[in-house]
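**Student:** Build out the structure end to end from the sequences listed, making use of the hints.
Residue numbers (this note's numbering), protein chains in the order written: chain A, 1 to 372; chain B, 1001 to 1509; chain C, 2001 to 2327.
Among the hints, a few may not be true.
Here are the simulated DSSO-like cross-link-like pairs (lysine-lysine), alpha carbons at most 30 Å apart as the crow flies [what the hints assert, rightly or not]:
1. C:Lys2308 / B:Lys1296
2. B:Lys1075 / B:Lys1114
3. B:Lys1186 / B:Lys1119
4. C:Lys2154 / B:Lys1114
5. C:Lys2231 / B:Lys1136
6. B:Lys1136 / C:Lys2308
7. B:Lys1145 / C:Lys2308
8. B:Lys1136 / C:Lys2257
9. A:Lys235 / B:Lys1110
10. B:Lys1270 / C:Lys2308
11. B:Lys1136 / B:Lys1296
12. B:Lys1110 / C:Lys2257
13. B:Lys1322 / B:Lys1379
14. B:Lys1379 / A:Lys235
15. C:Lys2257 / C:Lys2154
16. B:Lys1177 / B:Lys1114
17. B:Lys1322 / B:Lys1259
18. B:Lys1114 / C:Lys2257
19. C:Lys2309 / B:Lys1145
Source of the hints: derived by calculation from the structure; they are not laboratory data.
Spelled out from the first residue to the last, the chains are:
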Amino acid sequence: MAKAAHTTREPVILMSKRGELLPPWKSWGIRVIGFLLSLVVSGIVIMMVSGLNPAAVFATMLDGAVGTTKRSWVTVRDAMTLLCIAVGLAPAFKMRFWNIGAEGQILVGAIASAACMIYLKNLPTLLLIPVMICASLIAGGIWGFFPGLFKARWNTNETLFTLMMNYIAIQLTSFFVALWENPFGSNSVGVINSQNKQGWLPNLLQEGYNKDFGWNVIIVLTVTLIMYLYMNHSKHGYEISVIGDSENTARYAGIRVNRAYVRTIVFSGAICGLAGFVAVSGASHTISTSTAGGRGFTAIIVAWLAQFNSVVMIVFSFLLVFLQKGAQAIASTYNLSQEVSEMITGIILFFLLGSEFFVNYTVHFRGKKVAK
Amino acid sequence: MASCAIKMENVTKRFGKVVANDHINLELREGEILSLLGENGSGKTTLMNQLSGIYYPDEGQIYVHDKPVTISSPKDAFDNGIGMIHQHFKLVDVFTATENIVLGLDGEGKFDLKAAGEKIRTICEKYGFDIRPEQKIYDMSVSQKQTVEIVKVLFRGADILILDEPTAVLTPQETDKLFDIMRAMKKDGKSLIIITHKLHEVLDVSDRVAVLRKGEYIGDVMTKDANQQSLTDMMVGHSVTLNIDRPMPKDPKPRLELKNLTVYDELGVKRLDDVSFTVMGGEILGVAGVAGSGQKELLESIAGLYPVRSGEIVFHNPQSGKSENLVGKDPLDIKRAGVGMAFVPEDRLGMGLVGSMGMTGNMLLRSYRKGTGLFVDRKQPEKLANSIWKDLEVVTPSTAFPVRRMSGGNVQKVLVGREIAQEPAVLMSAYAVRGLDINTSYTIYNLLTAEKMKGVAVIYVGEDLDVLLELCDRLVVLCGGQVSGVVDARTITKEEVGLLMTQHRKEGA
Amino acid sequence: MTIVQLLTLINSAIAFGTVIMLGAIGEILIEKAGNLNLGIPGIMYLGGIGGMIAAFFYELHGGASPVVGLILSFVCSMLFAALGGLIYAFLTITLRANQNVTGLTLTIFGGGVANFFGASLNTLAGGVGQISVPVTSSAYIAYTPLGYMGTFGKLFFAHGFMAYLAIALAIAMRYFLNRTRTGLNLRAVGENPGTADAAGINVTAYKYLAIIVGAAIAGLGGLFYTMDYIKGTWANDGTIEGLGWLAVALVIFATWKPLNAIWGSYLFGFVYWAYLYIPGLSRRSLELFKMLPYVITLVVLIIVSLRKKRENQPPASLGLSYFREER
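**Tutor:** Here is the structure:
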C-alpha cells in the first residue's frame, strides 16, 4: 500500500457505545422510527411486486386485522398464543439458553392435550381441563428437560439440540395424527369432540365471536403476570438474571447453576407446552404438524425485542399477529399469496433488530480534518 | 541523533466523557529504549494503541521517522514498521506458533508455512528463543506465548517495538532474559518503548523515561539522571509516603487450616501441590508468587469453587468454637455451615459481580436468599448500596446504573464494600488494587487493615512485592503450585521473597 | 433388498445429501468467520426461488437453450442467496444485532419471499403446481453416458453435475481453510477477532465476504433442490426449510470440517430415505422411523460435547459480535 506523505485518510463514520443509558422515551422513540421506516419499505416492496397503492394496502391490513369484531377476536386469540410462547421462552433466554425448540415443546403439549381430549372424554369438563393443562405442562417440560440436562452437564449446544427436538416432535405429531386419524384415510385428526365439546375451553362471556377465546385471554394474561413477577421479583428470577450475566458469578454466589439450569428450562418448556394446550383446546380443537406453525420461532423474536420483559411482550405479540393478519387480508383481497405476510414480517423485524443498534450506540460523522 | 523514530503531537483520545489522552506530545528517538511510565489508568496503553492502530486519535498528528502518517488500522502500523506486544496476548489458541506469526501477512507467492517456519527458526536462534514453530499455543507457557508475540513483530520486520507491561507475567529470571533480548534488539538498531509501572525495571533497562499521569504528559528524564524517588514523584505528582499503616495483630488464633491441599484443573494438570499453611484471625496473610502459581486455585478452593483432589481445609468457627472441614462443600454449603466467607476475586465482573445490574442488584447477590418467601427483598440491599455509594465515594449516577459501565476503581469499591458488609470471618482478596489509582488503593488497604483489627482472617493475594511487604503480617510464597515458604513480612527482604518465588520451580511445566 | 433397490436408495441419498451438503459448506464458511447463521433455511429458499425465477422467465419468453437457462438460473440463484446473506451480514456485523435472532428472521423472510414469488409464478403459469421449467431443469438433471454403464455407472455417474460440484466445493473449501493465507486469516477471525484485528486483518471485510460467499454457496443447495431434486418445479410445502435446518445440523455433525460434510450428508440422505425400503412399516411407524436423522444428529451432538476434543470444537468466538473500541 503506497503511503502519501500528506494524508487525510480517516474513518468517516465512527461508532461508539453510548456512555449512559438512554431515557426510555428516547430508546422507544428510536424503535418507533425503525418501525415506521420498515412500513415505508414494506409499502415500497408491495408496490413494486403488485403495483398496488400502499395506502390502500395498509388500510386493507387494518381492516383485515381489526376490521370486524370477529377479526379482532381472532387477532387477540392468535396474539395470546404467541404471547404465551414468548413468555415461556423468556426465562430460558434470559439465562442465555438458546431455546429454539419451542416448536417442539408446543407440539408435545398439544399432543398431550389432544390425547386427554380423546382418551379421557368421559371426564367432566371441570376435571378434564385441569388434567389437560397438567399434561401439556408436563409434556413441554419433558421436552425442555433433555436439552437442559445435557447443556448443564456437558455443555452440549442447546441451539442445535432443541432444533433437533423440534423435528422429533414433528414426527411424533405425524405419528399421532396417523393414529388418531378421523375420518380414516384423511390423514388429519379433524375437530376433536365436535359433538360435545369435551375438553374445549368453555365460553367465558355471552355468545358471540369471542365465545371461545375469553378463557385464552385470562389464562395467558395470568401466565404473563406470573412470569413478570417470577422474573423480576422472585429469588429464582434473580438467580436466572445472575446466571445469564455470568455463570461464574452465580457459582460464586452459591447458586447451584446446573440445577437452576435444568429447573428453568423445564419451566420454560412447560409454559411452551401450555401454549400447545391453548392452541388445541382454546383455538383449533384439532392437532396437526402445523399446530405450532412457526410460532415457536416468531416468539423468540417477540421475546428478544421485548428484552424478555413479559409485559412488553404483549405489545410485540399484538404487533406481529396484527401484521400477519393484515398481510393475509392483503393477500386475499388483492389475490396475492399468503406468504406476503412472512415477507413483510421479515422486513419489519429486520428494521426493529437494526434499530437496537441506535439505542445502544452513537454514530458520529467526522468532518475532514486538515493535516498540517 | 536528532531524528525521531516516533513523534506524537497533541494526540488526544476520548472515550465518551473520559479524556484518556489529553494533548500528548511524545518522542521516541532512533535506537533508544524508552520507558513509558505511569500508574494504572494513566493512559499509557491507550496512547500506544493509537500507534498500533487499535484506536484512532480524536486529535493530533503522528510522525514516524519524521514523516507524518495516519495509522487507522494495525496494518498501517505494520506498514510503518511499528509492532506492539500487547499485555493480553493476541494469539489464536488452536493455531501453531507459525500460523499465529504469519497471520494477516500479505506475502508474495505461494502460501508456504514450512518456509515461514524456517525463517522463524532463524529468528529464534538469533535471539535464543525457546519455541518450536509447529507448537500449538494452547500447549505453551506464558513466557513462550510472549516470545511468539515478539517473534511475530520481528518477523514483520518492525524496527519500532512497543511492549505493554511485558514483565507482569514473568519470573525475575525470565524478566532478565527479556531485558537482554531488548538490549540486543536495540543494538540491532531498533527503537523500543516499554510500558511499565515497576520502577526498578525502568531504571534497569531504559535509556530515557517519559511519564504520563491521568491522561496527561508530565515530562521526560534521562534514566541516568533519575532514581526511584524522583520517578515516583513524577508519576504520582507529589511525594507519597509508601508507608502503609500496619498495626500488630491482636490475639491471633488459627481460623483456617489448610492441610496437604492438592488440586488438578480440568485438563488434569496439577495446580496446587500439597499446600499446607494456617491463616490466623486478626492478621493479613499475604500470598506472593509469580502470576499463575496457583493463587487463583488456592482462593477458589477455599471458597468451594474449585474441585479439591485431596487434603483438608479446616475452618475454626470463632463463635461456636467448632471446627469444620470445608472440602467437598460448595459455596452454598459453606454459607449454610455458618462460615462467614468473603471473597474478592481477581476477575471482578466475571466472578464477583453481575455486570448488567446496578449496585443494588449486586448487593442482593449475597443477601437475596434471606427470608423464607418466594420473593426477594430489595430494601435492605438498596440501603447497603446507598451507604457504600456514600462511604466509599463510588462514582456512579445511581444505584441502578450497571456496574459494567463503571470505572475499574469504582467497580472494586462496590465489590469490596459488599464483601466487608457481610461481616465475614475470612476475607480473601485477589489483586484487590489491580487497575486502581493510588488513592483508591490506599482506601482498599485501609479497609483490609480495619477488617484485620476486627479479628477477621484476611488473605491478600498481591503482585506488588513492596505492598505485600508493607501491608501483610505474614507471607505465604507460592511457586508452581507449591508453598515455597511461609515468612514474617516484617523482617524478610524483597530479594529473599523474590528468590522464594522461583524456588522448586519445575522447568517447562 | 435387491441391488436395484439399494442403488435407488443410494442415489436418492446422494441427491438428498447434495442439497444439505451445499447448505452445510456455505454455513461452515460462515461459522468459521464466527457467525452462527440460523438463516440458512431462508437463504436456501432464496437460492431456490432465484434460480426458479430466472429459468421461468427465460422459458416463458421462449428460451430453449438448456445451457443458457442453466447459466441464468445459476447466477440468479447465487445472487438472491448472496443478497440474503448481505442483509444478515449488515445487521449482525455493522449493526451488531444478535446473530440467532437475525438468522431466524432471515429464515422467515426468505421463506416468505420464496413462497410469495413461487405462488406468483404459479399464477402466471396457470394455477397451483403448474410451474415447470423443463428446459433448464434438463441441464441440471443431465448426466454423461457413463451413467448408463451398469451398476457402477449408475452409482457413480448418474447424477446431475451439481452433485459433483458439491463434492468439489467441499474439497476446495477444505483446501481454502487449511492451506491458504486467506483461509488462515478467516479462521483467525472466527477464533479470536481481536487477535485478527491486531494482526492487520480487516475483520469486518472478512466477515462480510465469508457470509456473502457462504450464503451464495448455501443458496445453491436450494437451487439443486428445485432444479434437480424436484425436477424444475416449485413446492410450497416447507421442505426446503426442513432441509436447511438439517444443513445447519450437518455442520455440527461434521465438526466444522468440509470433508466430513460429504459423507455425513450422504449418511443423512441414506437414513432419510431408508424407510422406503424397510418392509412392513405401517404408516405410523414410518413416521417414527423418519425421526432417525434427527436422532442421529442429536447423538453426534452429544458425543462431540462429551469428548471435548480441542480440534472438534466450534470456532471460539462463534455467535459473538466484534466491536473494536469496546473497553
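**Student:** If a hint holds in the structure, say so; if it does not, say that too.
**Tutor:** Against the structure, the hints come out as follows:
1. C:Lys2308 / B:Lys1296: Given that 30 Å is the threshold and the Cα spacing comes to 24 Å, the pair holds.
2. B:Lys1075 / B:Lys1114: Given pair lysine 1075 (chain B), lysine 1114 (chain B) holds - Cα atoms ~24 Å apart, limit 30 Å.
3. B:Lys1186 / B:Lys1119: With a Cα-Cα distance of about 21 Å, the restraint between lysine 1186 (chain B) and lysine 1119 (chain B) holds, given a limit of 30 Å.
4. C:Lys2154 / B:Lys1114: Not OK: lysine 2154 (chain C) and lysine 1114 (chain B) at ~43 Å, beyond 30 Å, violated.
5. C:Lys2231 / B:Lys1136: Judged against 30 Å, a Cα distance of about 49 Å means the pair is violated.
6. B:Lys1136 / C:Lys2308: holds, 17 Å
7. B:Lys1145 / C:Lys2308: holds, 23 Å
8. B:Lys1136 / C:Lys2257: holds, 19 Å
9. A:Lys235 / B:Lys1110: violated, 60 Å
10. B:Lys1270 / C:Lys2308: Satisfied, since the Cα-Cα distance of roughly 20 Å is no more than 30 Å.
11. B:Lys1136 / B:Lys1296: holds, 24 Å
12. B:Lys1110 / C:Lys2257: Holds: lysine 1110 (chain B) and lysine 2257 (chain C) sit about 23 Å apart, inside 30 Å.
13. B:Lys1322 / B:Lys1379: violated, 34 Å
14. B:Lys1379 / A:Lys235: Answer holds: lysine 1379 (chain B) to lysine 235 (chain A) is near 14 Å, not above 30 Å.
15. C:Lys2257 / C:Lys2154: Given pair lysine 2257 (chain C), lysine 2154 (chain C) holds - Cα atoms ~28 Å apart, limit 30 Å.
16. B:Lys1177 / B:Lys1114: Judged against 30 Å, a Cα distance of about 28 Å means the pair holds.
17. B:Lys1322 / B:Lys1259: holds, 17 Å
18. B:Lys1114 / C:Lys2257: Holds - the C-alpha atoms of lysine 2257 (chain C) and lysine 1114 (chain B) are around 23 Å apart, at most 30 Å.
19. C:Lys2309 / B:Lys1145: holds, 22 Å
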